[in-house]
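With these hints in hand, go ahead and build the complete structure from the sequences.
If you want the building blocks of each chain, they are given just below.
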Amino acid sequence: MPRLVKLNDVWRMLDACAAGYTRRETDHHWIVTFRIHQFRSLPLGAHGRRVNAEIEAGHVRAMVRMFGLDATCVQRHVSLT
Amino acid sequence: MMTDVPAIGAKLPFLFSYRDTLFGNGFVVHVEAKNGRALCVHEEDGWWMYGVNPGGMAAQGDDPHAAHAAFRKTFSDVLLDIAKDTRSFAEFRGQVEAFFESTNAGYEPEWSEAAAAVRAGRISRDGFSVAPADSPRSVSVTLKSSENVRAIDNVAALTAELAQAA
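Same order as they appear, the protein sequences are chains A and B.
The numbering of the first sequence is the numbering used here, which starts it at 1 and goes up by one.
The numbering of the second sequence is the numbering used here, which starts it at 1001 and goes up by one.
There could be a bad hint or two in this list.
[Unchecked claim] Listed below are the simulated EDC-like cross-link pairs for lysine to aspartate or glutamate, each with C-alpha atoms no more than 20 Å apart in a straight line:
id, chain 1, residue 1, chain 2, residue 2
1, B, K1073, A, D9
2, B, K1034, B, E1101
3, B, K1084, A, E25
4, B, K1073, A, E56
In case anyone wonders, no lab produced these hints; they're calculated from the structure.
Quick look at the structure:
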């Protein structure tokens, strides 16, 4: 079973670990931009637009790697493994 | 050849080529992506396909084939988002090129190491062909006129080629 994380925890993590990031909702995904990087496929949630949706942790792992975020900072807010 | 279930942490380096035809705002467009790079990893929570180029996407499945199928759909969904967001063909093409060339540097070294392992015969996976790791990567975005739209374009989104990089 894929590990799930709450989107609100992901936003809190980005607030703390990726200051200045921006996010935008599209029909299919969240687009998250940090510095020169853009992650285009963060899911909206299992059932589309929901309050505090949960998403599969692997998407966040990929985004964290792309953005080069500090692992210790990330782990304080979300459990990805 | 690897025939049993690979251990957690197993990594497979892939090259993928996709063709999509879709509607933009005032245009029909054909996108042909060749030799994108993705790393498929057997994580504790399933098989994950992480984009290297394009870097800004990932997808999950119960096995490498399922992870790739989800990755293929995500790629098309990103193109649809770009088509909705852009007002001209030039803007669409620019955003698709930027998306496809984006790199996830966090996975690039592991992709290269895994490709070297395939090349050396240390890892392989049945069911996938093998292609040179340095196969040229490109994306072409072209306008289609109504005269050269074909019924076969309706199934273009289902076309995908996948090979292990070596």
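Going through the hints against the structure:
Of the supplied pair hints, the one linking B/K1073 and A/D9 is violated, its CA atoms being roughly 26 Å apart against a limit of 20 Å. Distance check on the hinted pair: B/K1034 and B/E1101 sit about 11 Å apart at the alpha-carbon level, within 20 Å; holds. For the hint pairing B/K1084 with A/E25, the CA-to-CA distance comes to about 12 Å; that is within 20 Å, so the pair holds. The straight-line distance between the Cα atoms of B/K1073 and A/E56 is roughly 16 Å, inside the 20 Å bound, and the hint therefore holds.
Hint 1 from the list above is the single one not met by this structure.
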